[in-house]
Structures are given as structure tokens and as C-alpha cells.
Amino acid sequence: MKRLLASFGGLAAAIAIAALPAPQMSTQSPSGSQGGGVAAATATPTLIPAVGAPRATMIPTPLPAFPPAPVIQPGSVTPAFTREQALAYARDPGSGAKSISQIDAKLTTIGQFFRAQGQPETVSGLDPSTLIWIVSISGDFQMPIGHGLREPWGALVVDATTGKALGSLGDSKAPAWVTALPDLGR
Amino acid sequence: MFQQLVRAFAILMIVAIILVTGPSRAALAWTPSLGNPDCPHGAAHISTACLLYPSTGTFYDIYAEFHNNHMYVDPSLIGSPYYAHTNHTLWLYSNSPCQAFVEVGLTWGFQGQNVYTWYWGYRPLNGTALAWQAWPFGQNVYPAQNGSNHSYWVAYDPNSQEFTTAIGDSTGNYRVGWAVGPSSGMGYGGCIGQAGLEFSRVTDPPDTRFQSDTFDLTPLWFRNTFSTGGAPWWQWPNSYSWISFPCGQPQNYVPYCLNGTYNGNAYWADNKLNQ
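Protein chains in written order, with my numbering: chain A, 666 to 851; chain B, -17 to 257.
Treat each hint with caution, since some may be false.
[To be verified] On the chain B side, residues computed to face chain A include the following (Cβ under 8 Å): (1) Q95; (2) A126; (3) P201; (4) P219.
[Said to hold, decoys possible] What the simulated footprint calls covered on chain B by chain A, stretch by stretch (three residues with Cβ under 8 Å from a Cβ of chain A suffice, anywhere in the stretch; the number is not a length): (5) 56 to 64; (6) 206 to 216.
Because the hints were derived from the structure by calculation, they are not lab data. C-beta: ideal position from N, C-alpha, C; glycine also.
Chain A extracted, bound-state conformation (with noise of 0.2 Å):
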């Protein structure tokens, strides 16, 4: 009976929608290649005002506070989450890492991580004291944005309580702010 009903919903959903009018499709022609962006279109479109207004204010919030992180002596740190199990989850290729050539690890923190880019230590929202594993992987490694990118040298970012990943890094090789990045761990 359920399938019945299933069918039968799915079916009249699709005379439904079979009802409804063709979706517009673009004229202009196709200029981009796939894999690796695409090129812009060089037709101009007539510009249509948006009707309303964001329903959010296009404001962020202010980045979160947090008390300043204790300083940590590099080596000192034994973390929940140790350097064999960083190491361990990042040779899985599901994590991301394809083949392996070299791999380490270094414990850092999660605000030393974004300072270490430019960026504000609390810009992930997170409390910059946290610890965490920046697994280092050359070879072949995929992150899981940009249509599955896939880079010569690549980092798995894992929370060094949790053991959870938290994100993770590309380049063609090792960014020369992560090799400078002191190893917390012991």
C-alpha cells in the first residue's frame, strides 16, 4: 500500500509539474571549460532589481570574544587525540589523502592557525586556544571543495581533543607559514 501510495504521489506530482512552464534557459553559448572554473560570458544581461530586500541585514556579527590563550612551549603538549591517531586517520584515504609520499604531523592551535594566514584568530568562530593536529600530506591529496580539488600537497586539520576534522588545506606544496608553525606536541 505504501508503494501504491508513494507511486501514486510521485505521479501526481509529476503531471503536476509537467504542467508548469519550461525553465528558461540561458541563450548564450556555452564558454567555459569544466574542472578547473570557467570563463565569463561576455554578453551583457539586462539587469533586473531585486524585488525586497535581504531577509537578514547584510551585516556580520562581530567576531567572538575569548580570553587570551595561555602560551604553550613548543613539545610540551600531550593531547586527547595524539599524534599516532592524527597520523592514523589521516592515511585513510577517506579523509581525503589519496597517496602519500611524506606525511607529519604538528599540534598547533587554532588561533596560531589563522594568524598564521593573515586572518583573526577568532575567525572560525571557535575558541582560538583549541588545539589541533595539521597533518601534512605530500602526494595526493582531495579537499572537499571545488568540484573535489585535488593538490600535490595537502593538510587534514583535526581537532586535537576530538579527534574530529575540522578542514583542511591545498597548494602545489607546503605553504611556507606551515612549515614555520612551532609543534606544540610532544
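Chain A is fixed; fit chain B onto it per the hints.
Below, chain B without anything else, positioned relative to chain A:
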């Protein structure tokens, strides 16, 4: 009244035929396309959109709203070796050539994890790309698949030369990430905007381990001038509509199709991993 009875009878007959023959056998033979090269990010009907802006132009903001609808990737596909995921994303290309990008959206399967989460990321032309989970409404608070509406925004500020990504709700917008501008290879403003649903795996017949509702992207706006006082918003000038495996072709009920979609003749196919 008579016409309604005839129509109801016809529908019941068609349903009976489908039940007897099976939905897969009732399907038409077809081959997924390679997607639309103008909008390689892909998407489903209504949720699909693509902004093509003159190569001589620049825009500073792209904005969309969509609901936290259902998406799902089976855990067996998220980890090794598939690394599968699906996402619904607002996307801005930048620089020249127009290949640097910033994106922000919802995803399932981020970085090999079996979670439904917000994320953002960017990639400069020459520099280090970043992908990051986003928690705009509190630390480690994952979004719920409850149909709640949220706004998504990617903006470029020519004064600070920074891109900002934000996710908002009725209480306001929450900045989730910054990407520094031209000094790091990101460019001056946007050249192409995209939005829509993306699957890293499309198969024929549809893989029940991948599911997604339609994401109703409305409105889709952009600004091509910058003003701290607020420049006018414009609707995206054009869009495409595709759907791979729309309901009714070849399967007509969820989870064997992307539901609530237009049963069209143009299809989006996997542009991502070629699995």
C-alpha cells in the same frame, strides 16, 4: 466532474502499469550528460542557478536563501575509497583567469565525515586553498535537517580587499570565513557566481545511498556596485535547470530520485569525481 473522474481513472491505470512493470522498466533509456559547461557546479531544478557576468564587469556580493532540506550520503560511501559527499552551495569565482573561488554552503560527507554540516572554503589562483567547517550559530552546533531557512552570502570589500562568507537566519548574519584578496591570489571581486546542489556520485540507475531533496534557492541576488551605505541588488541574470535522475525518470519515488524536481530534458551529471 466527469473530466476529473476520467483523469483520476487514467492516473490509476498508469500507476497500475508502473506497479506491474516496476519503475525501472517503465523508465526511458537515457544517458547522463556531462553537465552544463557554463555551470559546472551542477544542481537540481529550482536550486540550479548560474550567474554569467560580462568579463569586463565585477560584482561584489552574491546572495541566496535556501532551506535546510534533506540530503544524505550512506556512511559506506563517505570513507575510503569513495570519499563521497553532496553539498548545496553558493559559489563565487574571482581573479583573471576567472578560476579562484570562494564557496559556502551545506554538505554531507565533509572531509570524510558522516555529518550534515555547514562549510566554507576558498582557493586562490596561486596559494593555499582552505576548506573549513562552519558553526555560525554556536560552537560545534551542527545544522538540523528541519527545513529552516537560511541566507548565504559571499561578499567582496574593495576597501579591505577581503572576501567574506556569511550564513544567516532571522536573527542576523554570521560571518563564517574570510579570504584575503588580491595579495593572496583571490582577485578583485567576482566574475561568475554559481549555486546549486552537487553530488560527487551519479549512477544509472540512481544510487539509493545518495539522496537529496530539492533546494529552493530564492532569491538569487547580486550587487555590481559597492557602497558602504548599501548598493542596489539585482536578480541573477540567467540560470540553468538540470536534474540527474529526476523523479519520474527513471525512478518515480524517493529515495530513488531527487524529489520535487522538474522532469526536464537536460541533465546534470557528475562533474566532480567521475566515479
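Right, here's what the structure says about each hint:
Annotation: interface hint on Q95 of chain B holds; nearest CB of chain A at approximately 6 Å, less than 8 Å. Against a cut-off of 8 Å between C-beta atoms, the interface hint on A126 of chain B is violated, since the closest Cβ of chain A lies about 18 Å away. Against a cut-off of 8 Å between C-beta atoms, the interface hint on P201 of chain B holds, since the closest Cβ of chain A lies about 6 Å away. The interface hint given for P219 of chain B is met, as the beta carbon of that residue sits about 3 Å from the closest beta carbon of chain A, less than 8 Å.
With a threshold of 8 Å between beta carbons, the proposed coverage of the stretch 56 to 64 of chain B by chain A holds, since 5 of its residues qualify and at least three are required. Using a Cβ-Cβ cut-off of 8 Å, 5 residues of the stretch 206 to 216 of chain B lie near chain A, which meets the minimum of three, so the contact claim holds.
Hint violations for this structure: number 2 only, all remaining hints satisfied.
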